[in-house]
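Number of protein chains: 2
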Amino acid sequence: MRSLTNYSKLCVHTQTNKPWTIEECITQYAAAGVSAISIWRHLLEGKDLSEIKELLIKNQMEVVALVRGGFFPSVDDKQRALVLEDNRLAMEQATALGAPQVVLVCGADPNQSLKVSRQQIKEGIIALLPQAEQLGVKLSIEPLHPMYAGDKSAISSLGQANDLCEEIDSPWVGVAIDVYHLWWDDQLEKEIYRCGKSDNIFAFHVCDWRVPTIDFLTDRGLMGEGCIPVKQIREWVEKAGFDGYNEVEVFSERLWAQDQKLYLEHIKKAYLNHS
Amino acid sequence: MRSLTNYSKLCVHTQTNKPWTIEECITQYAAAGVSAISIWRHLLEGKDLSEIKELLIKNQMEVVALVRGGFFPSVDDKQRALVLEDNRLAMEQATALGAPQVVLVCGADPNQSLKVSRQQIKEGIIALLPQAEQLGVKLSIEPLHPMYAGDKSAISSLGQANDLCEEIDSPWVGVAIDVYHLWWDDQLEKEIYRCGKSDNIFAFHVCDWRVPTIDFLTDRGLMGEGCIPVKQIREWVEKAGFDGYNEVEVFSERLWAQDQKLYLEHIKKAYLNHS
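Chains as they are written, first to last, in this note's numbering: chain A, 1 to 275; chain B, 1 to 275.
Watch out, some of these pointers could steer you wrong.
To be verified - Under the rule of at most 20 Å between Cα atoms (straight-line distance), these lysine to any residue pairs were calculated in the SDA-like manner:
#	chain 1	residue 1	chain 2	residue 2
1	B	115	A	188
2	A	9	A	27
3	A	115	B	115
4	A	18	A	261
5	A	115	B	229
6	A	231	B	116
7	A	190	B	186
Claimed, not checked - Derived DEER-like restraints, expressed as beta-carbon distance ranges:
#	chain 1	residue 1	chain 2	residue 2	range
8	B	229	A	257	39 to 45 Å
9	A	8	B	133	57 to 63 Å
10	A	262	B	167	47 to 53 Å
11	B	266	A	257	20 to 26 Å
12	A	215	B	262	30 to 36 Å
Said to hold, decoys possible - Below, a sample of chain A positions facing chain B; criterion: calculated Cβ distance under 10 Å:
#	residue
13	108
14	149
15	154
16	209
17	229
18	256
Because the hints were derived from the structure by calculation, they are not lab data. Idealized CB from N, CA, C, for every residue including glycine.
Based on the provided sequences and hints, a complete structural model is requested.
The structure is reproduced here in structure tokens:
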């Protein structure tokens, strides 16, 4: 497998360095030679987006994605309408920051069947298409690990995400492939080639699965700390035609407790050695 | 969906009532009108199996399964050989207790690829076939939730378990379908009918998935406490030709902390109302 030899394709999610503000993420990533960022929306609350955009330009920082929209399903009609408004706001924020895509965590409501939740996800994305096209913002369906099927995502495999993309059939809708969510699936390689054929791979996220994992949300590992064959999956994604960024997205209480500048250097090492 | 109206198909796993000894499980289940049990092996340590067998007969208690064998994969050859011996012991214990099947938690070694682990699982099961046939003990492959793919089971979906059964192609090898592990899968109904066609459904386990789930191992819910469509899945399994027991298998610190006799009555209510 071909190794990564430089940082030209390295992108870091702001949530990976949760203790930092958006301004700190931008300036620290730039200082460390990281030239791309995926921005989590809660960091934008109360901020003037034109100032953030200016800081990004000043630091020659490319925005890979705005994270995250989605959460479409609900038994409550009003809630579903509210969520569509929030997704429209996300697309406007993406436009303001120059982010080409909004990553969708699709959602699930445990008070209804997965089948109904999946239908509502499809209807939600279709409702957003006119604005996506108008603004030129892509929508990336991120299948989440089946351990989140109860309340976070009724889309649990790349096969399902591909089915959904093919049903919606829009150049503005594709997938975000995250090794953490999908590494266990014996259909993964096949499904990566399937979405590659339609140019539907919009994003690629890396981290690792620790053994044992002790928390459902905040015990991810840095690449090399777990059992995911990250390099192997990156090779499949590249073979499928993807040439975008490798986005480091790690949620970890353990790693958030470290000095974040030192941790960023560990991220860079792990990126070259294990992804 | 057809409701359950009596306890004739109710089986309880001893681990559901973890605070109880094997003797307490047998006598308490019988006193409560539960006529079938699946026995976890650690309860047999230091016991005279003929005495347990006698107690089972005295209480007219049917043994549905011995739990558990498996754990085949390892980077270490010696460890793999040891594990085969342990599986042979499990089959002997099953015979001694009159259990028609041993449930297999197939295992995974995070130090090698899932592909290699899956190959070792297949080889392990094949190595056990002569003794399975000789003793008349069935081996039930239980696919585990993908959140256990790191170290407990490289078999994460019913589709994979079905593939494995078809490759091994023995009347002594089938699957144990546990709603907790498989409910999220959009291929589940189809794969249930697939293994039903080959008479490969050896066991059906019920419980529920709580939202939120706070522990990877011991936060299962009683049927009705979560979001799994247990009745729906039972209907599919019955439509596929299965007419065995519905085995209640719940691991829960919360429920183990309750008075176990009262809890057993709750189990019976949940069984009729939500499974």
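To see whether the hints hold, each was checked on the structure:
1. Straight-line distance between C-alpha atoms of residue 115(B) and residue 188(A) comes to about 12 Å, which keeps the hinted pair within the 20 Å bound.
2. For the given pair, residue 9(A) sits about 18 Å from residue 27(A) by alpha-carbon distance, which is consistent with the 20 Å threshold.
3. As the CA atoms of residue 115(A) and residue 115(B) are separated by approximately 31 Å, the hinted pair breaks the 20 Å bound.
4. At most 20 Å may separate the alpha-carbon atoms for a hinted pair to count; residue 18(A) and residue 261(A) meet this at roughly 12 Å.
5. At roughly 11 Å between alpha-carbon atoms, residue 115(A) and residue 229(B) fall within 20 Å of each other, so this suggested pair holds.
6. In summary, the hint linking residue 231(A) to residue 116(B) is supported, as the alpha carbons are separated by about 17 Å, within the 20 Å threshold.
7. Of the supplied pair hints, the one linking residue 190(A) and residue 186(B) holds, its CA atoms being roughly 17 Å apart against a limit of 20 Å.
8. Roughly 40 Å separates the CB atoms of residue 229(B) and residue 257(A), a value that falls within the hinted 39 to 45 Å.
9. For the hinted restraint 57 to 63 Å between residue 8(A) and residue 133(B), the CB-CB distance of approximately 59 Å keeps it satisfied.
10. At about 49 Å, the CB distance of residue 262(A) to residue 167(B) agrees with the hint of 47 to 53 Å.
11. Under the hint 20 to 26 Å, the C-beta atoms of residue 266(B) and residue 257(A), about 41 Å apart, miss the expected range.
12. A hinted range of 30 to 36 Å holds for the C-beta pair residue 215(A) and residue 262(B), which are about 32 Å apart.
13. Restraint check, residue 108(A) versus chain B: the minimum CB separation of about 8 Å is within 10 Å; hint holds.
14. With a cut of 10 Å, the hint placing residue 149(A) at the interface with chain B holds, because the nearest CB-to-CB distance is about 4 Å.
15. A hinted interface residue such as residue 154(A) counts as satisfied when its beta carbon comes closer than 10 Å to some beta carbon of chain B; here the least separation is about 8 Å, so the hint holds.
16. Here the hint on residue 209(A) is kept, as its CB sits about 6 Å from the closest CB of chain B, short of 10 Å.
17. Among the interface hints, the one on residue 229(A) holds; its C-beta lies about 6 Å from the nearest C-beta in chain B, closer than the 10 Å criterion.
18. Annotation: interface hint on residue 256(A) violated; nearest CB of chain B at approximately 20 Å, more than 10 Å.
Violated hints, listed in ascending order, are 3, 11, 18; each of the other numbered hints is respected by the structure.
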